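Enquirer: Produce the entire structure from the sequences given, and follow the hints as far as they go.
Here the protein sequences come in this chain order: A and B.
Taking UniProt numbering as reference, the numbering of the first sequence is continuous, increasing by one, and the terminal residue is 327.
Taking UniProt numbering as reference, the numbering of the second sequence is continuous, increasing by one, and the terminal residue is 229.
Simulated from the structure, these hints should not be mistaken for lab results.
Every value quoted in this text rests on a predicted model; they were computed, and no experiment measured them.
We put the CB at the ideal spot given by N, CA and C, even for glycine.
Watch out, some of these pointers could steer you wrong.
Far from chain B, by Cβ distances over 10 Å, these chain A residues were calculated [to be verified]:
| no. | residue |
| --- | --- |
| 1 | Y179 |
| 2 | F187 |
| 3 | A200 |
Just a few of them, taken from the derived set where beta-carbon distance is under 10 Å, the chain B residues facing chain A [unchecked claim]:
| no. | residue |
| --- | --- |
| 4 | K12 |
| 5 | S102 |
| 6 | A103 |
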Amino acid sequence: MKRERAINAAVVLAMLVVPLWAWMADEPFILTLATKVAILALAGVGLNIALGLGGLVSFGHAAFFGIGGYAMGILASHVQSYTPLMEWPLLIEGSKSMPVIWVVAMMASGLAALVIGALSLRTSGVYFIMITLAFGQMLYYFAISWSAYGGEDGLSIYVRNGFPGLNTLDPVQFLLLCYAVLGVVLFGAARLARSPFGLALSAARQSAARVETVGIAPYRVRLVAFAISGAVTGLAGALYADLNRFVSPTMFSWHTSGEIMVFVILGGVARLFGPVAGAALYILLEHLLGGVSDYWQIWLGLLLLAVVLFARGGLIGTLAGREVAHD
Amino acid sequence: MSLLSVKGLCVKYGASQALFGVDLEVAEGEVVALMGRNGMGKTTTIKAICRMIAASDGEIGFAGQDLRRLPSFRAARLGIGLVPEGRRCFAPLTVRENLIASAQAGDWDLARVAQLFPRLDERADQVAASLSGGEQQMLAIGRALMTNPRLLILDEATEGLAPVVRQEIWTAIARLKAETGLAILVVDKSLRELSGVADRAVVVERGRTVWTGAMGALDADLTDRYLGV
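Expert: Structure follows, in structure tokens:
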């Protein structure tokens, strides 16, 4: 446990030192990469609640990532086009305020996760994987055909949304904002893992029949966890859309679901900082190997294979040892 | 009035019938020993009471409620605490986490479990998988108590344990009886120890209740006939 804490501290330190260097060396691209790592890590932390704590292998988390992204895109595009979001029965305007967008993104993706989870959690194993994948793809094709919001071309948002007291167009300030959100969510995820609810979820991952004998309904516990997981991933989607000032159906695609899962597996399933380390490693490899070859994903695939075969605890698990599955 | 009332309980595993009519009652504050040779249906009876398997026929009533249509977790919330055969703790969780995960509102909390089993307190931050068999058994009992049950069911709670540890478990059961007045249904093969704590015995043979009576009335003849190897 002490070792894992030291590794987590090293990850935090690296995430602070690299952007600091980039800022001092005037390397805005590195700052953008660090922001991307923080946002993708956030999506991974969301998935890790379902996958790591609950053992729910969701291959459809892109659905929540995309809903978060589109929540931002839709709200901001209405402000951009000076049109209300809705006129009847209530007049609802769009928003360029990040806190408002985050709340809407989390509510929409959490609600979607609740509905998708309510149906998917009646299955298990490979059926659960397939049904979550199917929901994700369903939303992907819906987004493609949704011409009011750009259809296949997606939506461009010309100016990044605002946050009270910050200039979000400044890469450093936006990076720090994303770090702050990631920090809050990591703190919440750590508290959740240690709470009676989190422990019941971990216990249900071990044996649903056994937790029932202590008065816990595994379906309900998993459903709530899935909804929380979806809401966090939705928040990441909203931030990702703000980073790129663009949303497209790609956010819903199964590739995105796969990538989020790769962050978690690379970093360490059920490890608090696993998705952070995984996202950082993924982005690092993308840019190091991507500069060498267009086929960099082959090398990533080999790495993933090695992790699955020889280092199941991922980066954090391999370095920290196997005994603690949640810190 | 009985806290637990089982009448004519029948259970089938697919085409094969395991129970053909088990009857048993446990009153508030009473300790009842469910006895019988291996394979006679004791664990199946307990699984049916806890709703882990469905009864094909018969009645299971607990605190005035019909358990037959309830899911397992509802039966537990009504106040049936199970210590399953083979302990079955949540292996990757620590002792404290095992107990917290199972906690339901009531008098039993971490401190009270630690009072009953001080060893669990010493091992609070150790993962359950790293505990000895006896300690895991204490944890399984502690976990069931954390659900604040009205009826505690112990299925082979001392099986495979060292004599010293078995004695600790029996002492704990005796303390539970004396200090809490908890109703207990206990399945075990140790006739001598059972005689010390149980008020009544129910003997099952080939899936049927064949004898019910005061523990003291279980004489050598009955023991030979139903419990001998």
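Enquirer: In ascending order, which of the hints set out earlier in this document are inconsistent with the structure?
Expert: 3, 4
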